[in-house]
Amino acid sequence: MKVDITLRINGATCTGSPEARKTLADFLRDDLNLTGTHVGCEHGVCGACTVIVDGRTVRSCLMLAVQAAGCEVTTIEGLAPDGELGTLQQAMWDSHSFQCGFCTPGFVMQATAFLRAHPDADEQQIREALSGNICRCTGYQSIIDGVLLAAERARQS
Amino acid sequence: MAGIAAERYTGASIKRSEDPRILTGSGRYVDDIKLPGMLHAAFVRSPLAHARVLSVDVSAARDLPGVVAAFTGAELEAMTVPGPDVLMALLGGGGPTPEFTLLATDKVRFAGDPVAVVIAESRYLAEDGCELVDVEYDDLPPVANASFALDPSSPPLFANLGDNIVGPRSRSEFGDVAATFAHADRVIDFRIGVHRHQNVPMEGRGCVASYDAGLGVMTVYAATQSVHVSRIAVAMRLGIEQDKVHVLAGDVGGSFGLKIGASREELAVAAASRAIGRPVKWVEDRGENLTASGQAREESFDVLAAVSSAGDLLGLDVKVVIDTGSYPGMGTMVPAIMEAMLPGPYKLAALGFESTAVTTNKASYVAYRGPWASETFVRERVLDLIAKDLGLDPLEIRLRNVAPRTDPPAAMITGRPLVGVTTRESLERLAQLVDFPAFRRRQAEARARGRYLGIGLATFIEAAPGPRSPEGPSGPMGMESMRLRLEEDGVVVLFTGQMPHGQSHQTTLAQIAADEFGVPFEQVRVVVGDTDVVPFGLTGGSRSATMTGGVALHGARQLRAKVLDFASHLMEASAQDLQITDGHVWVRGDPASAIAVGEVARRAASGQFGADVDANLEVEAAFDGGEGGWSGGSHCAIVEVDVETGMVTVQRYVVAEDCGALINPAVVDGQIRGGVAQGIGAVLLERSAYDEDGNCQSATLMDYLVPTACDIPRIEIEHLQTVPLDADVNFRGVGEGGMIVAPPTVVNAIEDALSPFGVRIYEQHLPPARILELIAAADSGQ
Numbered sequence: 002m003k004v005d006i007t008l009r010i011n012g013a014t015c016t017g018s019p020e021a022r023k024t025l026a027d028f029l030r031d032d033l034n035l036t037g038t039h040v041g042c043e044h045g046v047c048g049a050c051t052v053i054v055d056g057r058t059v060r061s062c063l064m065l066a067v068q069a070a071g072c073e074v075t076t077i078e079g080l081a082p083d084g085e086l087g088t089l090q091q092a093m094w095d096s097h098s099f100q101c102g103f104c105t106p107g108f109v110m111q112a113t114a115f116l117r118a119h120p121d122a123d124e125q126q127i128r129e130a131l132s133g134n135i136c137r138c139t140g141y142q143s144i145i146d147g148v149l150l151a152a153e154r155a156r157q158s
Numbered sequence: 033m034a035g036i037a038a039e040r041y042t043g044a045s046i047k048r049s050e051d052p053r054i055l056t057g058s059g060r061y062v063d064d065i066k067l068p069g070m071l072h073a074a075f076v077r078s079p080l081a082h083a084r085v086l087s088v089d090v091s092a093a094r095d096l097p098g099v100v101a102a103f104t105g106a107e108l109e110a111m112t113v114p115g116p117d118v119l120m121a122l123l124g125g126g127g128p129t130p131e132f133t134l135l136a137t138d139k140v141r142f143a144g145d146p147v148a149v150v151i152a153e154s155r156y157l158a159e160d161g162c163e164l165v166d167v168e169y170d171d172l173p174p175v176a177n178a179s180f181a182l183d184p185s186s187p188p189l190f191a192n193l194g195d196n197i198v199g200p201r202s203r204s205e206f207g208d209v210a211a212t213f214a215h216a217d218r219v220i221d222f223r224i225g226v227h228r229h230q231n232v233p234m235e236g237r238g239c240v241a242s243y244d245a246g247l248g249v250m251t252v253y254a255a256t257q258s259v260h261v262s263r264i265a266v267a268m269r270l271g272i273e274q275d276k277v278h279v280l281a282g283d284v285g286g287s288f289g290l291k292i293g294a295s296r297e298e299l300a301v302a303a304a305s306r307a308i309g310r311p312v313k314w315v316e317d318r319g320e321n322l323t324a325s326g327q328a329r330e331e332s333f334d335v336l337a338a339v340s341s342a343g344d345l346l347g348l349d350v351k352v353v354i355d356t357g358s359y360p361g362m363g364t365m366v367p368a369i370m371e372a373m374l375p376g377p378y379k380l381a382a383l384g385f386e387s388t389a390v391t392t393n394k395a396s397y398v399a400y401r402g403p404w405a406s407e408t409f410v411r412e413r414v415l416d417l418i419a420k421d422l423g424l425d426p427l428e429i430r431l432r433n434v435a436p437r438t439d440p441p442a443a444m445i446t447g448r449p450l451v452g453v454t455t456r457e458s459l460e461r462l463a464q465l466v467d468f469p470a471f472r473r474r475q476a477e478a479r480a481r482g483r484y485l486g487i488g489l490a491t492f493i494e495a496a497p498g499p500r501s502p503e504g505p506s507g508p509m510g511m512e513s514m515r516l517r518l519e520e521d522g523v524v525v526l527f528t529g530q531m532p533h534g535q536s537h538q539t540t541l542a543q544i545a546a547d548e549f550g551v552p553f554e555q556v557r558v559v560v561g562d563t564d565v566v567p568f569g570l571t572g573g574s575r576s577a578t579m580t581g582g583v584a585l586h587g588a589r590q591l592r593a594k595v596l597d598f599a600s601h602l603m604e605a606s607a608q609d610l611q612i613t614d615g616h617v618w619v620r621g622d623p624a625s626a627i628a629v630g631e632v633a634r635r636a637a638s639g640q641f642g643a644d645v646d647a648n649l650e651v652e653a654a655f656d657g658g659e660g661g662w663s664g665g666s667h668c669a670i671v672e673v674d675v676e677t678g679m680v681t682v683q684r685y686v687v688a689e690d691c692g693a694l695i696n697p698a699v700v701d702g703q704i705r706g707g708v709a710q711g712i713g714a715v716l717l718e719r720s721a722y723d724e725d726g727n728c729q730s731a732t733l734m735d736y737l738v739p740t741a742c743d744i745p746r747i748e749i750e751h752l753q754t755v756p757l758d759a760d761v762n763f764r765g766v767g768e769g770g771m772i773v774a775p776p777t778v779v780n781a782i783e784d785a786l787s788p789f790g791v792r793i794y795e796q797h798l799p800p801a802r803i804l805e806l807i808a809a810a811d812s813g814q
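Heads up: the sequence lines are chains Z and R, in that order. Each residue of the first sequence is one higher than the one before, starting from 2 at the first, in the working numbering. Each residue of the second sequence is one higher than the one before, starting from 33 at the first, in the working numbering.
Take the hints with a grain of salt, since some may be wrong.
[Said to hold, decoys possible] Straight-line distance between alpha carbons at most 30 Å, and here's what the computed DSSO-like set of lysine-lysine pairs gives:
{"#": "1", "chain 1": "Z", "residue 1": "23", "chain 2": "R", "residue 2": "66"}
{"#": "2", "chain 1": "R", "residue 1": "351", "chain 2": "R", "residue 2": "379"}
{"#": "3", "chain 1": "R", "residue 1": "420", "chain 2": "R", "residue 2": "351"}
{"#": "4", "chain 1": "R", "residue 1": "276", "chain 2": "R", "residue 2": "66"}
{"#": "5", "chain 1": "R", "residue 1": "420", "chain 2": "R", "residue 2": "379"}
{"#": "6", "chain 1": "R", "residue 1": "66", "chain 2": "Z", "residue 2": "3"}
Think of the hints as simulated: they come from the structure by calculation, not from any bench.
Chain R on its own, in the form it takes in the complex:
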């Protein structure tokens, strides 16, 4: 054992332990589950956006050979418990919370709303059965957009609400808004809109539900971001105790916020399984995913900016209306986060913020990677628009307005301290990496040849988890827990409530624990996805790096202390003189004393010790986020706009970011690039579109366009030196940042490219046709 080397896994791009199964087709996704006697569900969905349901006749479907059961909304309602959106029930939305059934009963509220479910021996037969279900509708005027929803004459989606406002108008003020605006050199107003986006994970929603009547236990194999939130949802809606619900998840094929808990359809499938007494599978097809799984964003902002002639952004007054679609949930919770985050890293002295959330006849609002991100879009767009008005450079106006890093730290006008924020450094680093003056020369030469290049930059911070709050644990979801155990084969097992769906937790958490405990990386196993064995948790909100990375570190440290304490009895040495490296416990300075940790665990399990010796080599750890901190960074895009076709090409994309200490740089870079790709897609391609009757116009992947390998450039990433805040845990979340800041980065670049035409951009979705319209409108002086 001489010369035991202390190898550090944390900070290295360790190859993912997930990959051998994924690369060989051996992953286990929910659609790969097959249970004996399993049936398949398919839903009958409304073709209309808004209508009364007069009758639903499933008898012909029931008569079809191979169909085992069919349930109408009313029948399913009798089998379940009505309630609000489960997330709203858990977290509270601040507005009225309409209760709704799993399948539509009295009326349908969007095109795609499920009205009946058919259960058959195969999915093919279940869909055949759906064709035979006869539904009579009575059309209601569709509430197809937010402005009609705000009109008191619009027919309310939920009769008990009386109107279509689910997040009633509320106003907050921070700083002296009136005085700031009164004393400003200029007040500039803008109306900025963000279109409807969609998550579009490559695997849609789905589940297999299997009810054991003997035990009274409902087992659900889920595709979810949290087995525990799914369990709560199933228990609530099926009216059974949480203890009688067992949720399991294997590999999950992406989510980006879509799969938090269990959807109405998944709950309906669970109810159907209980009623029939056989396992039932439902996996949505892409049509269902694009029309019915949920959508995000679609806000409009009326912005007043108080500005000094020198380019200081003194105050903002923002009124946002958010279109939460048909069944209110996450959408009503987002404005509060926007409000808190709107100042960003800037020394804004006053903020007025007003929000209204409305319900419309569209698919429901769901979380999507940085749900509040439009505040960054608005702020970074407004800064560029102001810079243009004042003749300032986009870099200059940002550097001018960024809050300086002081001790004690400056605070956002909305409250949180900007401790350790490296926005200035990220902007300065971008300027070095990109060489703006050289670009401007190239841009001028290109314009002389009729080619339109543009440069855009934008910056963001994200509370991932955010600075330590005097009130309690970092992050909105509180403490993170983990159970850790040393097995008799020497493997350290981590039980985490994180539910990875691409984030590589089985690699990154093992890296941290391996280092802290002192075993090889291969000797750590990360267990996820089983409510019977993992603690409560949720993967989302860029939470896991700090919170779960932190609990893995502290938990491994606790387990190590416990193992050493036990080993001290075994080895007749003081625990202080023992150490663990490379999977062995040994007396410091005496390599010959080394015992494999598995042997220690076997001895502990032998029962040969008295009650005064703690031989249970397992710990329950919890972590409050420590000192927490901000993630953030600045991005720069260089684009070329073909003014004949309206096509935009992203020529170069550079990121200077700070997500604290890196656990696995390749994983971090993957998160950033994936987020940026979604942001580029949001601007150039993607839009969940509805016509004036509330028909979804983006029901296939030929209509909802997601970027391909030809649309996304190489993304250059520079990691900045971070400001450590915590003694041990300085990993910060990185999942959402790319998607938060890429849209303003790209739009700013496009506006810069089109500046010879005098184009000003107040929106986010810029496909070729829209680019041509903007040029034409500017040309004609509109």
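The shape of chain Z in the complex, shown without the other chains:
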């Protein structure tokens, strides 16, 4: 069964007719070609598919597309629409935060939402905030350093 939905994605109004059972992650990737959102486990553990829905991070593998009807969704593609890296992305680049890059969109979305709410977070708070996202490559230190650097730059600007 297909369901017509209208929602806002990265600031633009979108319509679609996903199957009722289709996850938000698959809808973004398959129907809208927004392949920056990655699917890593499909059971809500790894965080690779994290997007921001109405200001809160969600696992788009655990949310149905139809549940996002009427919502404001931000994906990784919405963070640097003109190709200019944002403060967090730039800090992560400067910190060599990532390796294979598969977990990256989820971390960037999670850290974006967290820093928005907790601009003065310390290292331990950042580690806890990112502990629902799995990276298999880095041992996390470079990611944490990137978030700390972004927070510091944001405070200075």
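Go by the hints and put chain R onto chain Z.
Leaving out everything else, chain R in the frame of chain Z:
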């Protein structure tokens, strides 16, 4: 052009050129590929570990709207060529090599073994189709562990083998084993086990296969460590010429050894695409990844150690049994590497080594970051156990046994010279960084307050690529090739067979080539992942730093000479008087003469030169590893064990390592930290678990626990001054070392923390429940 500065990229933490696309979600992973008319595959998998397949009925699946095709194992067998594991076929395993089909036909050999594949308009519909496939099984007794596999009464997984032994028992001796043991002050015996690990890259396996019947060409978009090995596998199993197989790869979301070549499922997808005439995609889900992609380790070691009363490790006699799971491949090749590496950097005088590889009803053994690493675990565990018996300090016993650096170099008893090995320096540096006496005081104070701190250290060396062998090129995989070309826009393009999946080759190789050729870093492009344009290669075995870094250096040097030779005609100057810096060719001492390298390339392409002028600004380079050398280092962990809950916290982790000259320190540190994190995970969290019926107990990420940001401490890294061996290329591999040595480091620290209880540890997996068992067993005197 005055004052052209010679900027060195090599050795600097240049920001990665991969990152802008990765940080913006613009990377292109295999699941991002969409082809017109593309279908999706899903596999029907066995719920049983060991059973005969009596019948497979796919008719109801075929009737489901949206399902385009469904194939049973037998149907797929008729479309393909049976054979052994492709790696085994390429490298040889030293044992019998059972041939097997892509999907199970006569029987299933592990819970998760694919028995049918359904192809549909979407993955959702393909999975619906799988639900409708009816398979009848007849249970066989599961061979759920190695000890049953060794029992002649166990039902053989492969009828033609007659038993479950795929790497038959073999014994080697180095030095005089009998005399060494006869004259030792003590002979101590241990049984040490390593549990089953898993790679768990964040992106699982997957591919898109697309067959062009008109051209007879199979194109496969792969997630792989080598497009060429994938091509060989597809050609072999589909029975077509390699020339008719085109493998492409974009970004690859991690692998750690899992994605060497093409798996049975990927080959089945290629066969299905050929049969249907439409592109087919399959990307495994996490359940498939954890149960069916493959697993690693799970060895047991019976160890005899010949020891002097003063603490000299004189000899080892080791018998290993390795559980290679169901479809034999890499697992049969690992014992030979363990044997060669077991002496490590120590002056061990005798080694007896016996190995047996068995097949069991579990997911197949695959390579995982330092596949032979358990030899380091055994050796470094044994040293600590001996030190405890003799009342020696772990640092002291290691310093006592490390082979001195002499000229000519000492050799491992198994043969290789320990040239340039800096183990002693790494241990001494660790002692400075950590201050062991101060820790012991802190440990004593903590114990008085009922808190249990422990310190552990361990050391390793890795042949990455290993010292130059008189027999030929360094490293087991031979020479490394690269094609380099100067384009008309002034870009130097490197075509490499390396297939990066996190290693940052598009950055590191560009750094080396930019320096050697004389262009800005941004003016080098590294092309990977296309069998039509890149030479043979494989990313793995900590190979690329030396082998590919080396060929990039020598290749850029060759290309530079060629460009200068051509420019000498253009500029009417002798090539010896020309140089290239900052992307310009100029006559030495005459900055006004500078011409951009792109202009040189445009002139070369103009065809305005005679046949006597070589205007083809392209070279094919090959590198044999030069003098090669060892990577290595020592690690130290400080842990606290909560003896009420069994929780272990890693408080501090310090690395003193030597991977030669650093190409990009931030990339090197990332490789080390990532490896250490996997090693910490292996000890404290991770285990591929099976019950006695061969059911996988770790099929989700809530059961197979990988470390999070709260589990891994800051990892302090100190790079030692290396001993250069080669005139030009002293970069050495660093990918595997962290994972090789972190497990013994952490286990040694945990045992130290629990020493007031008299705990001795002979295993690697120490989750809280196991820690509590060990304390309880020691308390009750067991």
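Tested hints:
Proximity of residue 23 of chain Z to residue 66 of chain R is assessed by CA-CA distance (about 18 Å); at most 30 Å being required, the pair is judged to hold. Restraint check for residue 351 of chain R and residue 379 of chain R: the C-alpha separation of about 20 Å stays at or below 30 Å, so the hint holds. With a C-alpha separation of about 23 Å, the suggested pairing of residue 420 of chain R with residue 351 of chain R holds against the 30 Å cut-off. Among the hinted pairs, residue 276 of chain R with residue 66 of chain R is consistent with the structure: their alpha-carbon atoms are about 22 Å apart, no more than 30 Å.
A threshold of 30 Å between alpha carbons decides the hint, and for residue 420 of chain R with residue 379 of chain R the separation of about 20 Å falls inside it, so the pair holds. Of the supplied pair hints, the one linking residue 66 of chain R and residue 3 of chain Z holds, its CA atoms being roughly 22 Å apart against a limit of 30 Å.
Consistency note: the structure conflicts with none of the earlier hints.
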